[in-house]
Amino acid sequence: MKNLDEVVRLFAEGLWGTLWLSLASFALALVLGAILAMMNVSPAPPARWAAQTYTAFFRNTPLLAIILLAGFGLPKIGLRFEPEQWALITLGMYTSAFVGETLRSGINSISLGQAEAARSIGLTFGQSLRHVILPQAVRTVVPPLGTLYTALVKNTALALVLGFPEIAAKAELMINQDVSSVWAIIIGLVVCYLLINLPASWLISRAEKRATFAR
Amino acid sequence: MSKPSQSSVLFDALGPRGRKRVAASSVGSLIVVLAIVGFAAYQLNSKGFFEADRWANPLDALVIENSWLPALLNTLQAAGMGCVGALVLGTFIGFGRISRFKVLRFLSGVYVQFFRAMPVVMLIWLPFTSLNHIGVNVNSLWFVVVGLAVYNGAVLAEILRSGINALPSGQAAAGQAIGLRHGQVMRYVVFPQAFRNMLPAVLAQLVVLLKDTALGYIVVYTELLRTGRLVGTDYPQSYLQSLIIAAGVYFIIAYTLSKIVSVVEKRTRRKVPKAAKAVAPGLSAVGGGGVTVA
Numbered sequence: 001m002k003n004l005d006e007v008v009r010l011f012a013e014g015l016w017g018t019l020w021l022s023l024a025s026f027a028l029a030l031v032l033g034a035i036l037a038m039m040n041v042s043p044a045p046p047a048r049w050a051a052q053t054y055t056a057f058f059r060n061t062p063l064l065a066i067i068l069l070a071g072f073g074l075p076k077i078g079l080r081f082e083p084e085q086w087a088l089i090t091l092g093m094y095t096s097a098f099v100g101e102t103l104r105s106g107i108n109s110i111s112l113g114q115a116e117a118a119r120s121i122g123l124t125f126g127q128s129l130r131h132v133i134l135p136q137a138v139r140t141v142v143p144p145l146g147t148l149y150t151a152l153v154k155n156t157a158l159a160l161v162l163g164f165p166e167i168a169a170k171a172e173l174m175i176n177q178d179v180s181s182v183w184a185i186i187i188g189l190v191v192c193y194l195l196i197n198l199p200a201s202w203l204i205s206r207a208e209k210r211a212t213f214a215r
Numbered sequence: 216m217s218k219p220s221q222s223s224v225l226f227d228a229l230g231p232r233g234r235k236r237v238a239a240s241s242v243g244s245l246i247v248v249l250a251i252v253g254f255a256a257y258q259l260n261s262k263g264f265f266e267a268d269r270w271a272n273p274l275d276a277l278v279i280e281n282s283w284l285p286a287l288l289n290t291l292q293a294a295g296m297g298c299v300g301a302l303v304l305g306t307f308i309g310f311g312r313i314s315r316f317k318v319l320r321f322l323s324g325v326y327v328q329f330f331r332a333m334p335v336v337m338l339i340w341l342p343f344t345s346l347n348h349i350g351v352n353v354n355s356l357w358f359v360v361v362g363l364a365v366y367n368g369a370v371l372a373e374i375l376r377s378g379i380n381a382l383p384s385g386q387a388a389a390g391q392a393i394g395l396r397h398g399q400v401m402r403y404v405v406f407p408q409a410f411r412n413m414l415p416a417v418l419a420q421l422v423v424l425l426k427d428t429a430l431g432y433i434v435v436y437t438e439l440l441r442t443g444r445l446v447g448t449d450y451p452q453s454y455l456q457s458l459i460i461a462a463g464v465y466f467i468i469a470y471t472l473s474k475i476v477s478v479v480e481k482r483t484r485r486k487v488p489k490a491a492k493a494v495a496p497g498l499s500a501v502g503g504g505g506v507t508v509a
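Respectively, the protein sequence lines represent chains W and E. Take 1 as the starting number for the first sequence in the numbering used here and just add one per residue. Take 216 as the starting number for the second sequence in the numbering used here and just add one per residue.
Fair warning: there could be bad hints in the mix.
Just some of the chain W residues that point at chain E, by a computed CB distance under 7 Å [as the list claims (entries may be wrong)]:
no., residue
1, A50
2, N60
3, L69
4, K76
5, R80
6, A168
7, V179
8, Y193
To list a few chain W residues with every Cβ distance to chain E over 10 Å, as calculated [as the list claims (entries may be wrong)]:
no., residue
9, R9
10, L15
11, A27
12, R59
13, L63
14, L68
15, E84
16, H131
17, K154
18, A157
19, A171
20, L189
21, W202
22, S205
The hints are simulated quantities; they were obtained by calculation from the structure and are not laboratory data. In this text, all values refer to a predicted model and were calculated from it rather than measured experimentally. Glycine included, each C-beta is placed from N, C-alpha and C at the ideal position.
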């Protein structure tokens, strides 16, 4: 290690990039995933089909293929975005398919009796969804959503093929400069991911504790 | 559909007006979906996306024979070897996690935490680049296989551990009560039951492993995605099309396998309550088990 300051600076930059990218694309994934889940439980078949097709595509295609397709393929037909924007969009859309499935299974995990009870005391569809089903569904969904976020943090490493300045790209840069320090960089890499994921899983378990209730 | 979906309870049984409303919203959403698809198709068409040449060139018989087929075989080879490696590693580490020996538990815990914290890309790319810098040349297949096996081994170990921990402790206790040793309890009582419970999760993870072979792209392993780009460079007019073909092949394989996994999942789920029912009436079922094999 020649220059510790330089290494720390690069890792800090990468950490910021990864954190920013993961949070932004997770926000996008939550919004898209909620829309997908609504389409999935809606009574209109075309909406369900569209959601199912979208989900099947993103769940069964490698993320790297999607990133390359979007980042290098689509510009060929004039669909141009900055690489950073492509990274955010592809990660968000990819994760949204999983978020949508999680939310849907959260809704389905609420026992039928709850919905029946809500219906039988005269709540409308919207009311029973808002006051009975969703509050419970949200709670069951917190832990798996947290798992999705930690997976997303690791998936941001793929943004390096688009030249996004996140941890993995910084590590690549450092190794190419000085390969003798590869062990230090590997450890730094792990520490960086843990720096994001450990607080995240701590927050998740806190949220989980607050959200649990006697059932 | 013969079986009403779970969410249908949220609606009243629809009257004539409700049915009309649903029909109207169906038509409405169909129009919206078609409009989006149509607009995208129109835009693509205006860029010449659908021109026959652009698709025919990368799908020429010669290209298929010389590029796509070897790429498919490479992908399947990496996936197959990765699966074997991951299963072997996962079994060892997983049993280490639940071992009676503290050292083994600790070491395998460290292994799992470390490798699950790393992105798979880095596990494939770091050995590749370090060895390259030193000047050692290894077939890039090995980086893909080892990276995937090491990472998925950690994931499978966790699946194994939680599958075994999820089994009621009475099962192991019963095994010990009839005088089985620890290893026998594991082999004849705990593992067979845990195996059935975790089979869907294991298979799903192996599908993920297959998808992750696309990361071989990073270490210039000529799997489908790398080939897609190579073909795309040969036919610059078909660059996007080649990538779509590569992604499409991945999709078809992974989609088929996930369908199979969900069938397995349904079958294992159905079997468990049945078996439980058969045991419930009396002790007669116990003698029928494979316990006496030892």
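Comparing the hints with the structure gives:
no.: 1; hint: A50; result: 5 Å, holds
no.: 2; hint: N60; result: 4 Å, holds
no.: 3; hint: L69; result: 5 Å, holds
no.: 4; hint: K76; result: 5 Å, holds
no.: 5; hint: R80; result: 12 Å, violated
no.: 6; hint: A168; result: 6 Å, holds
no.: 7; hint: V179; result: 4 Å, holds
no.: 8; hint: Y193; result: 5 Å, holds
no.: 9; hint: R9; result: 20 Å, holds
no.: 10; hint: L15; result: 14 Å, holds
no.: 11; hint: A27; result: 21 Å, holds
no.: 12; hint: R59; result: 7 Å, violated
no.: 13; hint: L63; result: 8 Å, violated
no.: 14; hint: L68; result: 6 Å, violated
no.: 15; hint: E84; result: 18 Å, holds
no.: 16; hint: H131; result: 12 Å, holds
no.: 17; hint: K154; result: 4 Å, violated
no.: 18; hint: A157; result: 4 Å, violated
no.: 19; hint: A171; result: 7 Å, violated
no.: 20; hint: L189; result: 6 Å, violated
no.: 21; hint: W202; result: 14 Å, holds
no.: 22; hint: S205; result: 16 Å, holds
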